[in-house]
Every structure is written in structure tokens, then in C-alpha cells.
Amino acid sequence: MSHCPVSSRSVTHPNHHFLFINGKKMKFTIVLIFGITIQMLGLAQTEAVAQEALPSSWQDYVAFHQNAGALGTFTTEGVTKEMWVGIAPGQKYRNVETSRLSDDGKSIQSSHRMETETGDVISIGSGMQYWDKNSGKVLSCYSGFDQGKLFTGSSELTAMDNETKTIRSIYTETSQGKTTRYKHETSHPSSNEMRVVNQKESGGESWTSVSKRVVELEFAPAPRKVLPRFRRR
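With my numbering applied, the sequence shown covers 227 to 459.
Among the hints, a few may not be true.
[Claimed, not checked] Computed cross-link-like contacts, DSSO-like style, restricted to lysine-lysine with a CA-CA straight-line distance of at most 30 Å:
1. 375 / 307
2. 375 / 426
3. 438 / 318
4. 409 / 363
[Stated by the list, open to error] Derived Cβ-Cβ restraints for the label pairs, each shown as a range:
5. 358 / 308: 32 to 38 Å
6. 385 / 326: 20 to 26 Å
7. 315 / 396: 18 to 24 Å
Because the hints were derived from the structure by calculation, they are not lab data. Glycine residues also receive a C-beta, built at the ideal position from the N, C-alpha and C atoms.
The task is simple: from the sequences and hints, build the whole structure.
Quick look at the structure:
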């Protein structure tokens with residue numbers, strides 16, 4: 227298209243003059259289309275940013291979890307990978323994790339238990355999230371044991387997307403004297419499914435797990451016959 231513009235020496239020729247006018251019209255049309263495209267891209271980017279905005283209150287954060295179906299108990303099975311300092315790769319496991327809103331509604335409490343096929347504990351831990359008024363952020367901590375070795379960690383929320391029901395954060399963990407930062411993403415394709423992706427911030431292979439919601443009756447003890455008795459306060 228570099229040969230399309232007409233030089234000033236040819237403007238005096240009638241045919242060239244006609245092409246020059248059409249050329250200006252074509253330029254105007256291209257500029258108009260380009261401007262509309264930029265505007266549409268800008269609107270799309272604004273919408274995406276709005277969807278991934280951080281929560282403005284604890285109520286927003288809790289509502290996200292309730293609407294996404296993030297609260298409850300989920301389980302998954304797989305083989306451990308080279309990811310966490312305290313967990314050796316290559317072990318078959320079953321993981322059960324639970325998140326629940328506290329009775330007063332002011333925190334979200336989480337826990338997990340990862341076991342081998344024989345029931346030996348690979349990893350176990352618990353944590354909590356709450357709204358810090360001073361910073362205007364959700365603060366999160368987590369600690370436990372990986373194969374008998376203590377680990378502690380904290381998370382910084384980086385994005386919350388209501389459209390895709392996805393939360394992203396940076397998780398910093400200290401285990402056996404080593405501190406590592408991880409990129410963490412949790413999404414809920416449906417109210418009964420949870421997808422978790424972890425990757426070291428420095429790079430490398432990610433670890434993706436897909437968990438299914440557990441019906442509470444699966445973990446409920448078998449009913450026992452109890453003789454009638456008087457109720458006391």
C-alpha cells in the first residue's frame with residue numbers, strides 16, 4: 227500500500243485528482259474503522275479489569291465464594307509432583323480439603339489432609355482468611371506439616387474474576403528453612419468442581435488438580451441405635 231498516496235506533481239492531472247479525492251475518502255474510512263476498533267478494545271479491557279477487580283469489602287469476598295460454590299469439602303486423587311519443598315514427588319495420594327465460613331461470618335477457615343494409598347499422611351494443614359480494615363485487603367495465612375516437617379505461609383490476593391469464578395494470588399511459603407513464592411489460581415467451572423493451579427513464581431512446571439465436591443454423608447459415621455433417654459440442658 228506504500229504506492230497508493232499520490233504525489234503533488236500528479237495532482238494537476240484530472241485522473242490523478244480523482245484518485246487523490248478517493249484516496250482521502252479511503253483514508254478517512256480506515257481512520258474511522260481504526261478508531262472504532264480501538265474504542266471497542268478499550269471497552270473490552272475496561273470490562274476485563276472490572277471483572278478482575280479486587281474485593282472492596284469482606285462482604286464482596288464472601289459473596290464471591292458463595293456464588294462460586296467455593297465453600298464446602300472437595301476431594302481429588304493424583305500423583306505428587308516436584309513443587310512443594312516438603313513433599314517428595316511420585317507419590318499416589320488422595321487429598322480432602324474443606325473451606326467454611328466461621329460461625330460469626332468474619333473469617334473463612336480452611337484445612338486439608340493429603341494421604342497415601344495406605345493412609346499415611348503426606349501433608350496436613352489449616353488456615354484462615356479475614357478482612358483487614360487498615361489495609362483494606364483480605365489477609366490469609368496457612369500452616370501445617372509436609373511429611374512431618376513444619377511449613378508456614380501467607381497469601382496476597384492479586385485478582386478476583388466474578389465472570390470466570392477465579393481467584394489468583396501469590397503464596398509465600400517457608401519450609402525447612404527455604405522460602406518460595408508461588409502463583410496460585412483457584413477456579414470453579416461448576417458449583418461441584420474446583421480447579422487449582424500452582425506454579426513457582428520463578429517458573430517451571432505447574433501442578434493442576436481438579437477436585438469434586440464431597441457429599442457430607444460420605445464422611446458421616448454410621449448411625450447407631452440409641453436407647454431413649456430424658457433430655458437435659
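We went through each hint and held it up to the structure:
no. : hint                  : in the structure
1   : 375 / 307             : 17 Å, holds
2   : 375 / 426             : 20 Å, holds
3   : 438 / 318             : 17 Å, holds
4   : 409 / 363             : 18 Å, holds
5   : 358 / 308: 32 to 38 Å : 34 Å, holds
6   : 385 / 326: 20 to 26 Å : 23 Å, holds
7   : 315 / 396: 18 to 24 Å : 23 Å, holds
Violated hints for the displayed structure: none, as all numbered hints are satisfied.
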